[in-house]
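As they're listed, the protein sequences go chains C and B. For the first sequence, position 137 matches number 137 in UniProt numbering, and the numbering has no gaps at all. For the second sequence, position 170 matches number 170 in UniProt numbering, and the numbering has no gaps at all.
These are calculated hints, taken from the structure and not from any lab test. Keep in mind that a hint or two might mislead.
Claimed, not checked - Only pairs whose alpha carbons sit at most 20 Å apart, straight line, appear in this in silico EDC-like list of lysine to aspartate or glutamate: (1) C:K207 x C:E197; (2) B:K248 x C:D196; (3) C:K206 x C:D225; (4) C:K207 x C:D34; (5) B:K207 x B:D225; (6) B:K248 x C:E197; (7) B:K206 x B:D225; (8) C:K207 x C:D225; (9) B:K248 x C:E70.
To be verified - Each pair of labels, with its calculated beta carbon distance range: (10) B:S182 x C:R145: 23 to 33 Å; (11) B:Q226 x C:Q226: 51 to 61 Å; (12) C:H190 x B:Q226: 21 to 31 Å; (13) B:P203 x C:A108: 30 to 40 Å; (14) C:Q18 x B:R193: 52 to 62 Å; (15) B:A130 x C:S127: 33 to 43 Å; (16) B:R232 x C:S68: 51 to 61 Å; (17) C:R232 x B:E47: 31 to 41 Å; (18) B:W44 x C:E189: 34 to 44 Å; (19) B:R5 x C:G43: 28 to 38 Å; (20) B:N213 x C:H190: 16 to 26 Å.
Note that beta-carbon positions come from the ideal geometry of N, C-alpha and C, so glycine has one too.
Given next are the chains, with one letter for each unit.
2 protein chains.
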Amino acid sequence: METARPPCIILNVPQLAQNIGAVARVMANFGLADLRLVNPRDGWPQERAWAAASGAEWPLNAARVYESVEDAIADLHLVYATTARPRELQLPVITPREAAANLSREVAGGRAVGLLFGGERAGLETSDIALCQAVVTLPIDPRFRSLNLAQAVAINAYEWRMTVETGAPPAFRDGPPPAEASALLGLYEHLERELDEAGFFHPPEKKPSMVQNLRSALGRARFSDQEVRTFRGVVTALSRGRGRALEKLARQRDVENKG
Amino acid sequence: METARPPCIILNVPQLAQNIGAVARVMANFGLADLRLVNPRDGWPQERAWAAASGAEWPLNAARVYESVEDAIADLHLVYATTARPRELQLPVITPREAAANLSREVAGGRAVGLLFGGERAGLETSDIALCQAVVTLPIDPRFRSLNLAQAVAINAYEWRMTVETGAPPAFRDGPPPAEASALLGLYEHLERELDEAGFFHPPEKKPSMVQNLRSALGRARFSDQEVRTFRGVVTALSRGRGRALEKLARQRDVENKG
């Protein structure tokens, strides 16, 4: 049996090595260890991260670097985007406390989960948020929204730790687990390829936001592996038809042509 | 009548100006403003505190300096000591969440309250803790207890803020409401009609259960009206694509027939 793994922390384009170190430190404080870096601005490894971690070296030593958010979350079954900014995406917006309760349930079920954080300056792109199942928003005073990256991680890690200390809430969703992000991405890309061929994305400059809306809407359903396969079959059937039905239609056409 | 004042933050012998600045920043994030410094190691004011506050200058500008914890808390009706270390004192030990609930009650009653934090290296003296009504302990992983001062403030300030926001939940964007069942049914039937034509439901006796699985999977996403329209567009676009596949097949057949 798989051991329960605490959530991983994914930093998208983190800028300052000392913030990465501060994140590692607070991860260690609250029992997290899996740190993933997407395109750290100044490369990796960076000595200043270790200096800032105050001895919490293991998350840094084991940190993995990725070239895209897609790659970084590929093996995760549930990912929440932590961002203070309201977005145009139709995703549930939850508190760190609700997020921790949900993550805790998933982890208790043996599934890999993560929290995605944007870099210090730019935050998260809408296209990255669209890959996630919900947005986690902190109860920030609107008069001063500039929250330090490590502080944002700290509060989410603290809420996670509170669920560990008080015991995981009971599972609420039976049935097969949600598919990994990589399987979902496969479905999304399949659908988008066929829609592209069908001329759906019009005008072309609206394609990125149309793609985001499709992904976030479908993402909310949290398809299982079986459902991902089913919907890939749906896309194929709609766009290509199934062999025999197609044959039949072609025969009808033949008859019409000859008639 | 006195206005309700959020808790003040008292730092006992803080060492690093940048930590004082980071504390001010996170106080501003969560709606706190009253910062009190007891014997800051390097004197006060210190430029580096302002540099580290990222614009949260008002807690620093208004910060008051005291020569003892007694002086700093003289006007407060309730003070909690935040420390990770077990002490020999007979004081209640509570979580930041319990502390915030208690502080919130006191503040609602018009009383001035505060949270006392020790310096980076030494923490709090037993004699200082003895001035407080309880000890607030964070749920730190015992394997790595070294928590940054600003992080400790952040988590307590966050819990305070949660009590403020619970009354009037933040502007958690709801987004458009889910579509009515009739609109969803329209989408389902449209999809199923096209799938039927494409020969997707095979063998035919399995169609009812296949339809149920598609519907329940899509239903979990709780599409809005706009999303229902979008996905009807998706079905139409993909099915038209099938028309083209059919054309192609028919052309091939024509060629074969003529060959």
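To see whether the hints hold, each was checked on the structure:
no., hint, in the structure
1, C:K207 x C:E197, "13 Å, holds"
2, B:K248 x C:D196, "18 Å, holds"
3, C:K206 x C:D225, "30 Å, violated"
4, C:K207 x C:D34, "34 Å, violated"
5, B:K207 x B:D225, "27 Å, violated"
6, B:K248 x C:E197, "14 Å, holds"
7, B:K206 x B:D225, "30 Å, violated"
8, C:K207 x C:D225, "27 Å, violated"
9, B:K248 x C:E70, "35 Å, violated"
10, B:S182 x C:R145: 23 to 33 Å, "41 Å, violated"
11, B:Q226 x C:Q226: 51 to 61 Å, "28 Å, violated"
12, C:H190 x B:Q226: 21 to 31 Å, "23 Å, holds"
13, B:P203 x C:A108: 30 to 40 Å, "39 Å, holds"
14, C:Q18 x B:R193: 52 to 62 Å, "59 Å, holds"
15, B:A130 x C:S127: 33 to 43 Å, "55 Å, violated"
16, B:R232 x C:S68: 51 to 61 Å, "31 Å, violated"
17, C:R232 x B:E47: 31 to 41 Å, "60 Å, violated"
18, B:W44 x C:E189: 34 to 44 Å, "57 Å, violated"
19, B:R5 x C:G43: 28 to 38 Å, "47 Å, violated"
20, B:N213 x C:H190: 16 to 26 Å, "19 Å, holds"
In summary, the numbered hints that this structure violates are 3, 4, 5, 7, 8, 9, 10, 11, 15, 16, 17, 18 and 19.
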